[in-house]
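Trainee: Sequence:
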Amino acid sequence: MKLFRISGGIHPKESKELSADRPIERLPLASVLRIPLQQHIGGPAVAVVDKGDAVKKGQILAVGRGMVSAPVHAPTSGRIVSIGRFVAPHASGLPGQTITMRPDGRDEWGELPAPIDAFGVDPAVIAERVAASGIVGMGGATFPSAVKLNLRNRHKLDTLVINAAECEPYLTCDDRLMRERTAEVVDGVRIMRHGLGVGRAIVAVEANKPAALAALRLAVAAGGFADVTVVEVPTRYPMGSEKHLVQTLTGQETPARALTADIGIVVHNVATAFAVYEAVRLGRPLIARIVTVSGGAITRPGNFEVPIGTPVSHLVEQCGGFRGTPERLLLGGPMMGQPLASTRASIVKGVNGVLALAAAEAPTGPIMPCIRCASCVAACPCGLAPFDMAARIRKEELDGAVRIGLLDCIACGSCAWVCPANIPLVQYFNYAKGKLTAEQRTKHKQEETKRLAKFRADRLEQQRKAKEEAMARMKAEREAKKRQAEAAARVEVEG
Numbered sequence: 494m495k496l497f498r499i500s501g502g503i504h505p506k507e508s509k510e511l512s513a514d515r516p517i518e519r520l521p522l523a524s525v526l527r528i529p530l531q532q533h534i535g536g537p538a539v540a541v542v543d544k545g546d547a548v549k550k551g552q553i554l555a556v557g558r559g560m561v562s563a564p565v566h567a568p569t570s571g572r573i574v575s576i577g578r579f580v581a582p583h584a585s586g587l588p589g590q591t592i593t594m595r596p597d598g599r600d601e602w603g604e605l606p607a608p609i610d611a612f613g614v615d616p617a618v619i620a621e622r623v624a625a626s627g628i629v630g631m632g633g634a635t636f637p638s639a640v641k642l643n644l645r646n647r648h649k650l651d652t653l654v655i656n657a658a659e660c661e662p663y664l665t666c667d668d669r670l671m672r673e674r675t676a677e678v679v680d681g682v683r684i685m686r687h688g689l690g691v692g693r694a695i696v697a698v699e700a701n702k703p704a705a706l707a708a709l710r711l712a713v714a715a716g717g718f719a720d721v722t723v724v725e726v727p728t729r730y731p732m733g734s735e736k737h738l739v740q741t742l743t744g745q746e747t748p749a750r751a752l753t754a755d756i757g758i759v760v761h762n763v764a765t766a767f768a769v770y771e772a773v774r775l776g777r778p779l780i781a782r783i784v785t786v787s788g789g790a791i792t793r794p795g796n797f798e799v800p801i802g803t804p805v806s807h808l809v810e811q812c813g814g815f816r817g818t819p820e821r822l823l824l825g826g827p828m829m830g831q832p833l834a835s836t837r838a839s840i841v842k843g844v845n846g847v848l849a850l851a852a853a854e855a856p857t858g859p860i861m862p863c864i865r866c867a868s869c870v871a872a873c874p875c876g877l878a879p880f881d882m883a884a885r886i887r888k889e890e891l892d893g894a895v896r897i898g899l900l901d902c903i904a905c906g907s908c909a910w911v912c913p914a915n916i917p918l919v920q921y922f923n924y925a926k927g928k929l930t931a932e933q934r935t936k937h938k939q940e941e942t943k944r945l946a947k948f949r950a951d952r953l954e955q956q957r958k959a960k961e962e963a964m965a966r967m968k969a970e971r972e973a974k975k976r977q978a979e980a981a982a983r984v985e986v987e988g
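Residue numbers (my numbering): 494 to 988.
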């Protein structure tokens, strides 16, 4: 298959050797699981259990709210301890609505839906099962997967791309998943292809995962699956960016601020394919995921199958704890991962890694003035001018930054990685995007307030007019009755 070159990108030190040869281990249950209700893009789930309830493994704990949302299920059997706010797995460390449960140690499954004849049902049935199972994008974006499967209703689609690049340094959870659960992954890919109603699926794996590539190709060949193609793509960060991956595979460039579906392609993560397999073939909801724990400050790096809601502290303990004080704690990879404010936070559906980086792995230097070397321009995979955007953002010229491409930035961190002046470019871009979002919300709130005020004024005016009309009718009726009475009296006198 012919591949196409993309501009920009970098080659950071991979550091995957710390965990790449560590098989997936089942993580023992923590004494307490804390399950956030916001584990996906969209509206948070709404709890349907109460404090004190006994629940079984796989039982629904919270239902999705709105079209873009996802339900949350019990990772094991136990009892609900509380429902309230707890520290969220987010850089801010702010609390979010959370269900806390205490496992009973029996790990008993509740009643699960019956398996589906994956290729004998309408594609809509696949999407319905995926939605009911709470499956979201497992690569970190956490967009509800059923919504993407239903894009077939609004777009003319022809290809499913499975993102198995895993281009972030340190992370090896997808690599191990493809090596150890190959048949299940391939089956999940084929189920998703059927669910989208497209003719082909392409599984894209970076060249630094030869064992995973070989395993997938062997499984596809052994099954005679002509609808699945396994492709080796160059090892280059950020190959896992869906728009750049699509361009590498097809040569097609996704328009600015458009979806890959607009050019007929939908992208899903390889771990999502495995979750779809479990939901459709076994009836199991998404209640656990594979997580890489790595970094120079981790005693025993590895890959673990972790129940959703497991505290990060428990995961670190199972790895032998920290070796010294970590310089940086991250959820996800070192390029796009979120700083971890507290190890009390929980593993959620979108967390593919926990990194504890030693000082030598996270060097920090003084921030210096930009020397206009344009290294950031060469590294940017989106063809932007990061130094120019940052300069405008520093002067609060956000509209100017938008005009030169701020909203096209994917926050991959390539520019900051190559910057010799140590300028935190991505922080500027995230700040600007956050401020623009806040301004849009404020504007929307003001417009909504005006709309409601106008609606109230119109309603009061309608009520005033209705009252005046009612009073006029009553007056007319009284006068009519008075005239009738006077006429009757005259008739009586004359008669």
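Since the hints were made in silico from the structure, they are not lab data.
Given the structure is predicted, the values throughout are model-derived calculations rather than measurements.
Worth double-checking, as some hints may not be accurate.
Think about it this way: if two alpha-carbon atoms lie no more than 25 Å apart in a straight line, the pair counts; the simulated DSS-like pairs of lysine-lysine are [unchecked claim]:
| id | residue 1 | residue 2 |
| --- | --- | --- |
| 1 | Lys938 | Lys928 |
| 2 | Lys943 | Lys928 |
| 3 | Lys928 | Lys888 |
| 4 | Lys926 | Lys936 |
| 5 | Lys958 | Lys968 |
| 6 | Lys947 | Lys936 |
Cβ pair distances, simulated, as ranges [what the hints assert, rightly or not]:
| id | residue 1 | residue 2 | range |
| --- | --- | --- | --- |
| 7 | Phe612 | Ile864 | 57 to 65 Å |
| 8 | Glu673 | Arg865 | 46 to 54 Å |
| 9 | Leu945 | Arg519 | 34 to 42 Å |
C-beta: ideal position from N, C-alpha, C; glycine also.
Trainee: For each hint, tell me whether it holds in the structure or not.
Mentor: Going through the hints against the structure:
| no. | hint | verdict |
| --- | --- | --- |
| 1 | Lys938 <-> Lys928 | 15 Å, holds |
| 2 | Lys943 <-> Lys928 | 22 Å, holds |
| 3 | Lys928 <-> Lys888 | 13 Å, holds |
| 4 | Lys926 <-> Lys936 | 15 Å, holds |
| 5 | Lys958 <-> Lys968 | 15 Å, holds |
| 6 | Lys947 <-> Lys936 | 16 Å, holds |
| 7 | Phe612 <-> Ile864: 57 to 65 Å | 58 Å, holds |
| 8 | Glu673 <-> Arg865: 46 to 54 Å | 48 Å, holds |
| 9 | Leu945 <-> Arg519: 34 to 42 Å | 53 Å, violated |
Violated hint for the displayed structure: number 9, the only one.
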